[in-house]
Every structure is written in C-alpha cells, then in structure tokens.
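Same order as they appear, the protein sequences are chains A and B.
Going by the numbering used here, the first sequence opens with residue 1, and the numbers climb by one from there.
Going by the numbering used here, the second sequence opens with residue 1, and the numbers climb by one from there.
Hints are computed from structural coordinates only; laboratory data are not their basis.
A couple of the hints might just be wrong.
What the hints assert, rightly or not - Computed Cβ-Cβ distance ranges for the label pairs, DEER-style:
#, chain 1, residue 1, chain 2, residue 2, range
1, B, T219, A, L97, 43 to 49 Å
2, A, G157, B, Q235, 57 to 63 Å
3, A, L277, B, G90, 30 to 36 Å
To be verified - Away from chain A, derived, C-beta distances all over 12 Å, residues of chain B:
#, residue
4, Q5
5, T63
6, G68
7, L189
8, P231
As the list claims (entries may be wrong) - The calculated DMTMM-like cross-link candidates involving lysine to aspartate or glutamate, where the alpha carbons are at most 25 Å apart (straight line), are:
#, chain 1, residue 1, chain 2, residue 2
9, B, K96, A, D184
10, A, K187, A, E238
11, B, K96, A, E238
12, B, K96, A, D176
13, A, K278, A, D174
14, B, K96, B, E122
15, A, K187, B, E78
16, A, K186, B, E89
Ideal placement from N, C-alpha and C gives every residue a C-beta, glycine not left out.
Residues per chain, in single letters:
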Amino acid sequence: MNIGQLVIDGLVAGAMYAIMASGLSLVWGTVGILNFAHGEFYMIGGYALYFTLVELNANPLLAVIAAVLVTFGIGAFVEMGVLRWLLNRREWELPTLVATLGLSVFLQNLALRSFGATDKSVPYLFHSVYHVGRVTIASQRVAIVAVAVIAFALLWGAMRFTRFGIGLRATAQDRDAATLMGIDVKKIYLLAFAISAALAALAATMLSPIFSINPWMGARPLLKAIVVVVLGGMGSIEGAIIGGFGLGIIESIGVALVSSEWEDVIAFGLLILTLWLKPSGLFGTREA
Amino acid sequence: MDPRQALLEVDRIDAGYGDVQALWGVSLDLREREIVALLGSNGAGKTTILRAISGLIPTWGGTIRFEGQALDRLAPSEIVARGVVHVPEGRHVFPKMTVLENLRAGAYTAAAWRRQRESLAEVFDLFPRLRERAGQYAGTLSGGEQQMLAIARGLMSGPRVLLIDEPSLGLAPVIVDAVYATFGRIRELGCALVIVEQNLQRALAVADRAYVVTHGRVTMAGTSQQVAADPEIRQAYLGM
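Same shape as in the complex, but just chain A (with noise of 0.2 Å):
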C-alpha cells in the first residue's frame, strides 16, 4: 500500500471537507442553524462557475472570484429573506431547522427547472501533473489543498484581527453580552451566513473540474461536512479544519483497506463512534 499517495489524496478531499465543514460550523457557532441548505450554497457555487467559465468564457480566476462573490451575496439574501424573520420569533429552532431543509429541496429544484437534470462539466483549472517518488498528483488537486490553506490563513486573521471578526466571535460566545457592546447581531449573523455561503462556493469551484455540476451536487458535500461539524466540534472553526483532513485521510486509508463502497460506512461510523464516545467532538464545547 502506497500510505504516502493515500495521505496526499486524504488531504485534497480532506481540504474540500474542511472548507465545507467551516463554513457550516460558523453558522451553527454563531446563529445556531444547522444549514441544511448548506449543500445548495456549493451547488451554486458550482453552476456560477460553470456559467461564467464555460458559457462566458472568462479568465478561471475572475470565474471563480464571480462564483464566490455571487454566492455571497445569495447566502446574504437568502438569511434577510427567509431566515431572519423566523430568527425575530420567540420559538425559532426548530422552524429555522424546517426552513433550511425546504430552502435545499426549493433550491434543488429550481436548479432543475432552470438548468435541467444533465451533468455539466468544467474543465480543469490547472493541467499539469507532478510526481514526487512513489506519489502523483495533480496540479489541480495541489491547488484545492493550497486554496483551502489560504482561505483558512484569511478566516483565522479576520476572525481574530478585524471589527467584524472579534463581533463574531463575540456574538457566538454571548449574544447577550455582544448587544451590549453595541454589536449589531442581526448584522453579524448576515455576514456568517454570506462567508458561509461564500465558503461553500470556493469549495465547488475547486471540485467541479473534478466532479460534475448537477442540481443534488451539493448532497453529499453537506452530508460529509456535518460529519465534520460533529466530529471537530459544533461550532469550532478549528475543529472543522482538524477534522476536515482527519476525515479526508481516514476515508482514504479505510478504502485502501476495504473498498470504495465503504467510504460513507466509515465516515458515518466515525460520526456514530464521535457522538457515543465524545459528543461535544474534539474541540466543541457544545454537545452535538
């Protein structure tokens, strides 16, 4: 078994995990949703790519900047549109919960309706393949773990050095508190929502090259993203990065041993084994 190529692919879907799994967790952490919409943020993501790289032809930088802006900006309309009011009720956990679910099966099939059922491909982004000793890999896959890092890299200095970010945090650790302050909650639940949103497309248009773009990309992406969130920790921005790439490593090594039918037995045993064993997750301090 070639442990060095398993780790480097552990890590690139590790990386995708991450990126999911963060943006979830800054919701859950912050608001208290678990977005089950989650999903349908990297499907846009996904279609906004495809549209402006393959239909508009642009630069696959702008492309993806695009993607992510626009995707954005829907996660900020969707949170003032939909979210918001049900957020202003007395009883709002559960209706929130039901509304994002909904929201992912309107946003399915709206895409369904607009863009019909057949895959959608985008070409890669980078073309080149290395090889380092016995390892090969992909320009393209060597991007996605560097795109995550750099996002990471802005999500930590942000979180910890701006206005916005020390609001967050603050805002995620007592609301109550942080309105004293003067920080305007409803403000800084828009903004989580948005990078979340944001954070689901860069995702998308790092995989899309790789996978194809469809109304129900986004299922498993999501699904694979709340096994991270249980796994790190609910509403740890770090433990949905740690855990991103432990799962994306594990997958990987647990396949090479069994076989690829077993990945979703090992991530979701992992997720079972998490929530008997430690259920507040490697670094939460809220129980799953």
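Please arrange chain B on chain A, whose structure you already have, making use of the hints.
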C-alpha cells in the same frame, strides 16, 4: 447643556417580560459625574431597569432620555454608540477570547474602534492587572479579574454613563474593595455611574444618591446619607 439638567433621565417607565409587568412608573435621573445606587432585594426590578435603559427590552410606556434626547425605541447598538453602556450581572466576559480581544470587542462601535489604542491605555491604567493578563483567555481569570474585565470592556467605547449590575456578586470582600476603588476614578474620567447592588453598605459608601426599588416601583429616593439613615431601610436591609 444646563448643568442642572439630568444626563440620563428615566421618566415613568413601565416594562416587563412577555405579559408580565415588572416595572411600574419608574423614574430616576443621573447627572454628570454622579454615582447613583439602585438598591433593593432580589427580584425587585433593578436589573430590569438597566435592561430597559440599554434597550435589551422594550419599554411599554414612559420615556428614557440621554442628554435630552429619547433613548427608548433605539437599538442597543445605537444606545452604546450614544454613550450609555451596561455591564451585565454575572460579568459575561467572552470566555474563549483573550483579555485583549474582550476589550477590543468593547470598542466595537465605529468611533470607539478608531480610538481603541487610547482607550486601551486608559483601562490598563485603571486595571493594571488586566495588562498583565492581556493574552490570557478571559474564561481562565478569577471572578474578581473577570469583573474588572467586564467593567474595563464597558469603558472601551468611551461611555458617558456606565450601568453596572451587581459588581460585588460572588466576590471576596477584599476584591470588592478593589473593584469599588475604581468607581471614583471612572467618575474622574468623565463617566457617570449607576450601580445596582444588593450589598447596600458598599453601594451607599460610594454613591452620591440612591433609589430603593421594591416590587418594580421606586419606593425611596435621596442622598446616600438620607437613605442610610432611614429607619425602615436600616431595619429591612442592614439588619439594624
């Protein structure tokens, strides 16, 4: 501004939670650089008064004015930006943020964020202990240090009025001394204080005036000496 005019004026407000009324026609005022104590037993409505002033709960009737302008109906963030800050009971520091990050969160309003360097120097001067602990997570501080951090965090936006809820709660007497010792200096910085306390002797020793709140109504108002000398108060709260 007329120096005799109140800086903060609470005028016959009613407020409550859900359908339950908690305040009935509460009036009080606070002048520039004044320290006023709000006294009363647990559940009397002292905290509710602070929550109404800081906009955490809506008022049902009456008005709250700050520097002559209505404060009720404003969002909490706008009230902080105007210069009225509420330090909540139980400290409520952000446990997984460092002391420095907690203080920066206190300077969240746009104007305060721009002058956070000066504000930081000011609060570190007031609470040197916090400077030593700047990089430490707030959740690992002692109760007294957390109380100091909560007050310092409230000062980071440069308020004109600081509302402090139960600053002595759960603290050893010597720590309470240290916390109360800062109130005079905060006043010298140009900030008036409303202190909610169950510990009457502490509050009366530092306050210029006091209001006694009973069952959601102000039942007595006067200088600290008048309130301390009142036979009923001595009987009910001081056990004399």
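How the hints compare with the structure:
For T219 of chain B and L97 of chain A, the Cβ-Cβ distance of about 46 Å falls inside the hinted range of 43 to 49 Å, so the restraint holds. Taken as a hint, the range 57 to 63 Å holds for the pair G157 of chain A and Q235 of chain B, whose Cβ atoms sit roughly 60 Å apart. At roughly 33 Å, the beta carbons of L277 of chain A and G90 of chain B sit within the given window of 30 to 36 Å. Non-interface call for Q5 of chain B relative to chain A: holds, since the shortest CB-CB distance, roughly 25 Å, exceeds 12 Å.
The claim that T63 of chain B lies off the interface holds: its Cβ sits roughly 21 Å from the closest Cβ of chain A, which is beyond the 12 Å cut-off. Listed as outside the interface, G68 of chain B is consistent with that label: its C-beta sits roughly 21 Å from the nearest C-beta of chain A, beyond the 12 Å cut-off. No Cβ of chain A approaches the Cβ of L189 of chain B within 12 Å, the least distance being about 19 Å, so the stated non-interface status holds. Distance check on P231 of chain B: its Cβ is at least 38 Å (rounded) from any Cβ of chain A, clearing the 12 Å threshold; non-interface status holds.
Under the criterion of a C-alpha separation no larger than 25 Å, the hint pairing K96 of chain B with D184 of chain A is consistent with the structure, at around 20 Å. For the hint linking K187 of chain A to E238 of chain A, the alpha-carbon distance of about 23 Å falls within 25 Å, and the restraint holds. Between K96 of chain B and E238 of chain A the CA atoms are separated by roughly 13 Å; this keeps the pair inside 25 Å, and the hint holds. Among the hinted pairs, K96 of chain B with D176 of chain A is consistent with the structure: their alpha-carbon atoms are about 16 Å apart, no more than 25 Å.
This hinted pair checks out: K278 of chain A and D174 of chain A have alpha carbons roughly 24 Å apart, not beyond 25 Å. Proximity of K96 of chain B to E122 of chain B is assessed by CA-CA distance (about 24 Å); at most 25 Å being required, the pair is judged to hold. Restraint check for K187 of chain A and E78 of chain B: satisfied, since their Cα atoms lie roughly 13 Å apart, inside the 25 Å limit. Of the supplied pair hints, the one linking K186 of chain A and E89 of chain B holds, its CA atoms being roughly 23 Å apart against a limit of 25 Å.
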